[in-house]
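Chains as they are written, first to last, in numbering that gives the first Met the number 0: chain A, 0 to 274; chain B, 0 to 274; chain C, 0 to 274; chain D, 0 to 274.
Keep in mind that the hints were calculated from the coordinates and are not lab data.
Possibly wrong hints are sitting among the right ones.
A pair holds if it fits inside one copy or across any two, identical chains being indistinguishable in the list.
Stated by the list, open to error - Here are the computed lysine to any residue pairs in the SDA-like style, where the Cα-Cα straight-line distance is at most 20 Å:
| hint | residue 1 | residue 2 |
| --- | --- | --- |
| 1 | K27 | H111 |
| 2 | K256 | L246 |
| 3 | K27 | G115 |
| 4 | K23 | H111 |
Number of protein chains: 4
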Amino acid sequence: MANFEGHALPGSLFLIVGLWWSVKYPLKHVHHKGKRSLGAHAYQRLETIEAAIRTVLPLIGILAEQFVPSGPHLHLYHGDHWVKLMNWQHSTMYLFFGVSGLIDLLSCLYTHIPRGLDKLVMAIATFVEGFLFYYHVQNRPPLDQHIHSMLLTALFAGSTTLFVEVFLQDNVVLELFRTSLLLLQGTWFWQIGFVLYPPSGGPGWDLQSHENVMFITMCFCWHYLAAMGIMATCYMLVYCFLSRSKLQHENIIGIQKLKLDHSYQEALLNGSDEE
Amino acid sequence: MANFEGHALPGSLFLIVGLWWSVKYPLKHVHHKGKRSLGAHAYQRLETIEAAIRTVLPLIGILAEQFVPSGPHLHLYHGDHWVKLMNWQHSTMYLFFGVSGLIDLLSCLYTHIPRGLDKLVMAIATFVEGFLFYYHVQNRPPLDQHIHSMLLTALFAGSTTLFVEVFLQDNVVLELFRTSLLLLQGTWFWQIGFVLYPPSGGPGWDLQSHENVMFITMCFCWHYLAAMGIMATCYMLVYCFLSRSKLQHENIIGIQKLKLDHSYQEALLNGSDEE
Amino acid sequence: MANFEGHALPGSLFLIVGLWWSVKYPLKHVHHKGKRSLGAHAYQRLETIEAAIRTVLPLIGILAEQFVPSGPHLHLYHGDHWVKLMNWQHSTMYLFFGVSGLIDLLSCLYTHIPRGLDKLVMAIATFVEGFLFYYHVQNRPPLDQHIHSMLLTALFAGSTTLFVEVFLQDNVVLELFRTSLLLLQGTWFWQIGFVLYPPSGGPGWDLQSHENVMFITMCFCWHYLAAMGIMATCYMLVYCFLSRSKLQHENIIGIQKLKLDHSYQEALLNGSDEE
Amino acid sequence: MANFEGHALPGSLFLIVGLWWSVKYPLKHVHHKGKRSLGAHAYQRLETIEAAIRTVLPLIGILAEQFVPSGPHLHLYHGDHWVKLMNWQHSTMYLFFGVSGLIDLLSCLYTHIPRGLDKLVMAIATFVEGFLFYYHVQNRPPLDQHIHSMLLTALFAGSTTLFVEVFLQDNVVLELFRTSLLLLQGTWFWQIGFVLYPPSGGPGWDLQSHENVMFITMCFCWHYLAAMGIMATCYMLVYCFLSRSKLQHENIIGIQKLKLDHSYQEALLNGSDEE
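Okay, chain A solo, but in the shape it has when bound:
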């Protein structure tokens, strides 16, 4: 949808998953380091729920793209021309992410699906989004083209990372990198919406200005800095929380041990009394 909502929706969806990942991966990593493995069953269930949500979310996107008043309502060809190809392309992008979620879900439920296939399909979905965007923005004003093409950097970097993850599974650095790229994508969609369709209704940006193109390039880097900041904050919070809970856990165990020792000594004393 070529309006503010059409960019805010995918931006929000990407941000939701990105924020969840920036909690999940530090949690997984810190736990693993502390040798206190999260209950395997609980973790497995979490992964399944995430996969299910990542299968359903794109459906919302597809429905929104198809059935908004200005949408194609599932008509592809009418009279002598294609109907609303933009919306169809967006639907296709969502569809691939839905398939990626579905493969994740199946990987969680069935063990005979080859390990790494979920990452490959996610890499393909990310690549397809970049691929469609690449041809999507031809014949548009410079700033419009440029602000979309920035996205390609994040998408192809993400796709490459995911392809590497097919072979290097559970590598925390790659997982954090991928998460930061996803957050970047989320905030950038919002930025695109604000630049191309200012919701305040004020005058739009000058789409021909070279100055604006230069600013947007730099702004993209700042967004990435923000994404790294969000992730670092999440990482620190998770670390502090786990350290404290571990400490409390040890305290409780310590106190219980103390109590046990105490009652044991009492029992001994009583025992020696009884003797």
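Once you have looked at the hints, place chains B, C and D on chain A.
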């Protein structure tokens, strides 16, 4: 051959190999997981037959390109100009795939050929196809260029995958990815034929229209979705078939064991009678 | 800053770090080979100091870019246009290198930061510099564009190397390669300053001349040769120095041993005398 | 040198090294497989000689480029313009290959040079050749540009392969691939010479013709096929030669054993006679 048949022929050849692979690799993987190794000898023979077929199929392509009525009949230079360079380029593409098949065949027959060389030559053959296509379509209308350039994505992705397979052999995810790209290539050749040379004889597509270019980009993604669907179906069928045959196998063994036990008991009884 | 100093400053900063690295990595490698591990504590402290310096140096760059008389003095938008976007872009580049230094510092101080994250952030900082430069030099005369685009080769090669180092840590070949690219970048910034803003005040180079473009391309290769030469010299000096110090060390130990043996024998003799 | 000899000289140099490699690597591989290790000392000496030759050969190239009558005779800048930049660029290319040879030589002689550095420097030399060629051919007629740009494919593929070899040493598939690319480069330089400066003195090719561009693209693939053929032949010859020599070796050992057994039996008989 710049007609429908010239695109249907390679499309069919790629589809045949692609469909065979989408049965072969799941079979190999599921078998391997179930720890019931396919008879090594039988599998080796299958590989040899496949390699032989993949050596012969391109020959059919070369002969078709050279000896159709409008073909060059093995003449390269005549008078002051090159003869039918298009057909010669197609022949070169087929030739490289033939060489790739030949190396596969030799790898099956002789053990002293370095492991991984077959994948490297296949990667080269795929790259050469992309390389020739890249320079092939210059000076053509936009849609013609675009529909061919889509193919390049599949070809260079396939070539890269094969290059990685030189080092990571028998990786099922890479094998399935490669298979899906081959299926995509097969169906896309048919699509090119239908778009550029409609066999129904109706009016062709408008080769200058930007709308058509946009649709074709999206259509390429749908083809890939279809290729993934074909492969998933094959995978599931193979899995179900193997599970059932395994079950029957165990049942038969169980029944035979039961019978054996029964006759053993009878023998015992008889033996005790005879005593 | 679009003047000689604005290129000499980053050039010098990169050269300082580059020269330090071309001493550090050979030292680390030769030590490791000789099985005489540098005191782990001393080495750790050195790394921490380096990280702190690499966090502070970019701050100098940012301050210089912002508060030179012609700088933006932290104003980004004024009236109806962006203020001194060039300086802001340079500040952004410095900022990313500062963040990279900070992550290095944190990695030195805290052990629970994932291994390899420092290399990833450095790869990102290098990529961001290249990314900004790429869009930085549009609409400029050919030689200006060309001399900056040479830099991109060094930057993207460096970024790729760092990305590989996330997985292959402590690989001396990659470390030396990265160091040579950093030296190249340092000397090349000086070269850009000399070409675009001759400090002698003489007439500048003809920015439209194709001959100059060709010379600059070749000159870039010579700079790299010089960078390799500097590194080879450092490597040899470190090697000779360590070999000699090792020899002296062994001599001292040998002499001490001799003395010990001597006094022991004397003690024995005395002992036997006393008997 | 922009004439036939200027292309025949590098072509021949590359072919000499390429043909030697297509004997050396199969020899190394087949020997290794047969578990009959080539005398380590003899092999080491061979490598040293090769490295020395690869250091000297580029010097011939540099001298030829500088001191042919039309050469720059070591003058770089004269009057107000650069002197013979083409020859200088070619000299730079040769120089990098000379440095690569030198590093190989040093790696053979000194053991404390990091393993893999020789491959990295060779990768850099190959990349520099491609890098210079890329900017070398601008502002030339289409066929001239195209025939040179074909070379870039071989160069960047070779450079990438060498970069991978830094990590995967002694991988025979990569070594054979690199050899085939070197052979391709050698024959292609000859092809460039024949196309641009026909030695027969006949009329040159039409440098504007699209037909010629298309033929040259295909011709490049045929050259690669030829390079693969040369290598396959060398591989087979080496294999047959080694198998036969092994057989003869075993026969000789067998006969000697027989003789020994015979004389032993005789000695036994004589011994028993003498008893």
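Could you work out which of the previously given hints the structure breaks and list their numbers from low to high? Every hint satisfied by this model.
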